[in-house]
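Each chain, letter by letter, is given below.
Number of protein chains: 2
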Amino acid sequence: MFTVGIILFDDFEELDAIGPWEVFRVAEELLQEKKGENLTCEMTSLWGEKVIAKKGLRLDVHNKLTKDSRYDLILLPGGEGSRAIIADEAAMETITHVAGHSSWVTSVCTGSLVYAAAGLLKNKKCTSHHMCLEMLKQISPTSDVISNSRFVQDGNMVTSAGVSAGIDMSLWLVGQIFSPELARKVQHFMEYYPKPPYAD
Amino acid sequence: MFTVGIILFDDFEELDAIGPWEVFRVAEELLQEKKGENLTCEMTSLWGEKVIAKKGLRLDVHNKLTKDSRYDLILLPGGEGSRAIIADEAAMETITHVAGHSSWVTSVCTGSLVYAAAGLLKNKKCTSHHMCLEMLKQISPTSDVISNSRFVQDGNMVTSAGVSAGIDMSLWLVGQIFSPELARKVQHFMEYYPKPPYAD
Numbered sequence: 008m009f010t011v012g013i014i015l016f017d018d019f020e021e022l023d024a025i026g027p028w029e030v031f032r033v034a035e036e037l038l039q040e041k042k043g044e045n046l047t048c049e050m051t052s053l054w055g056e057k058v059i060a061k062k063g064l065r066l067d068v069h070n071k072l073t074k075d076s077r078y079d080l081i082l083l084p085g086g087e088g089s090r091a092i093i094a095d096e097a098a099m100e101t102i103t104h105v106a107g108h109s110s111w112v113t114s115v116c117t118g119s120l121v122y123a124a125a126g127l128l129k130n131k132k133c134t135s136h137h138m139c140l141e142m143l144k145q146i147s148p149t150s151d152v153i154s155n156s157r158f159v160q161d162g163n164m165v166t167s168a169g170v171s172a173g174i175d176m177s178l179w180l181v182g183q184i185f186s187p188e189l190a191r192k193v194q195h196f197m198e199y200y201p202k203p204p205y206a207d
Numbered sequence: 008m009f010t011v012g013i014i015l016f017d018d019f020e021e022l023d024a025i026g027p028w029e030v031f032r033v034a035e036e037l038l039q040e041k042k043g044e045n046l047t048c049e050m051t052s053l054w055g056e057k058v059i060a061k062k063g064l065r066l067d068v069h070n071k072l073t074k075d076s077r078y079d080l081i082l083l084p085g086g087e088g089s090r091a092i093i094a095d096e097a098a099m100e101t102i103t104h105v106a107g108h109s110s111w112v113t114s115v116c117t118g119s120l121v122y123a124a125a126g127l128l129k130n131k132k133c134t135s136h137h138m139c140l141e142m143l144k145q146i147s148p149t150s151d152v153i154s155n156s157r158f159v160q161d162g163n164m165v166t167s168a169g170v171s172a173g174i175d176m177s178l179w180l181v182g183q184i185f186s187p188e189l190a191r192k193v194q195h196f197m198e199y200y201p202k203p204p205y206a207d
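First to last, the sequence lines map onto chains L and Y. The first sequence begins at 8 in my numbering and counts up one residue at a time. The second sequence begins at 8 in my numbering and counts up one residue at a time.
Calculated from the structure, these hints are not laboratory results. None of the values given here were measured: they were computed from a predicted structure. There are no misleading hints in this set.
The list treats identical chains as interchangeable, and a pair is accepted whether it falls inside one copy or across any two copies.
Calculated cross-link-like contacts (lysine-lysine; reagent style DSS-like; alpha-carbon spacing at most 25 Å):
#1 LYS42 / LYS62
#2 LYS42 / LYS61
#3 LYS144 / LYS129
#4 LYS144 / LYS132
#5 LYS192 / LYS41
#6 LYS202 / LYS132
#7 LYS57 / LYS74
#8 LYS61 / LYS192
#9 LYS41 / LYS62
#10 LYS144 / LYS131
#11 LYS61 / LYS41
#12 LYS131 / LYS202
#13 LYS42 / LYS192
#14 LYS129 / LYS74
Could you put together the complete structure from these sequences and hints?
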């Protein structure tokens, strides 16, 4: 059983987390149809059982993240609340500890600022929301900060660009962990063939 | 003040609702920076105050939808719960009544099945999730059911294809209601320039 934990906190950006949630949960349902290998995905929280997101969504998580939590893959969304995580020594220790036991350590948007502040992105390629690339470089000067990429992999760390880019990254992860065929089936169910209506 | 109501119910599909939520709430924040015209977007529920989505997300809504609710735009996501709405006479009456007072009546995915069952799509062009296009035609035989479109407009009714297509539709609506420039700014903040990682 492959386990995915999406780490929530007050003022996370809604789509950063719910895009990947949809990808992993659809993959889970498709795998259940076949039996054999499978995954679970749950929402875990750094603080309370109820989380209030940046845009006002109020939701209940499945459990609280502790140093004893174990996931094969952790995903940290972004949002203004990422600054409060960095300021919370206990939260930073918990994330660093759990990350050290995860096969994949991933983030969406400004979630990468937290990993940078924890020293996890030293000498690594990484990215973030386009408005926070300089901040990422300031926090982690040895990082190779990449712009204009939907997501960036370096070893077991994968960081994505802002908000909707977490969907692309999660589809890619499903392809790496299971198969590109499964990722394409998830994409097909979600009809992720976007045509943004107003060209730049 | 332009008001948007996203109508939730048990077993709605998460991204169907949260994609548009992100679009409208980002638009709201960008409009607040300029002052002048503005919008509000809230989550309203057909049944209880707490809603459990199809993939397990548990969230609190802002209020309960009643016949007296008024929104300039309503958006009905899809998900397996749409069948329970169709079976609930009171819920169907409420939706039909509120839709009759809305400038824009919109849906994502199988939300259009509800409108079809309410008779709102008679002789209209419309769409739905790719797996439910035949069901839409069965429920509303006079409808012109369109396939392979991200969203379809007919008068004040706009129906989108499955799941992620609600993001494209919502960006288009922001462009129609406010300006294409604002829609592009929302798209830019959300970094909605998708590159699905595994080509078909």
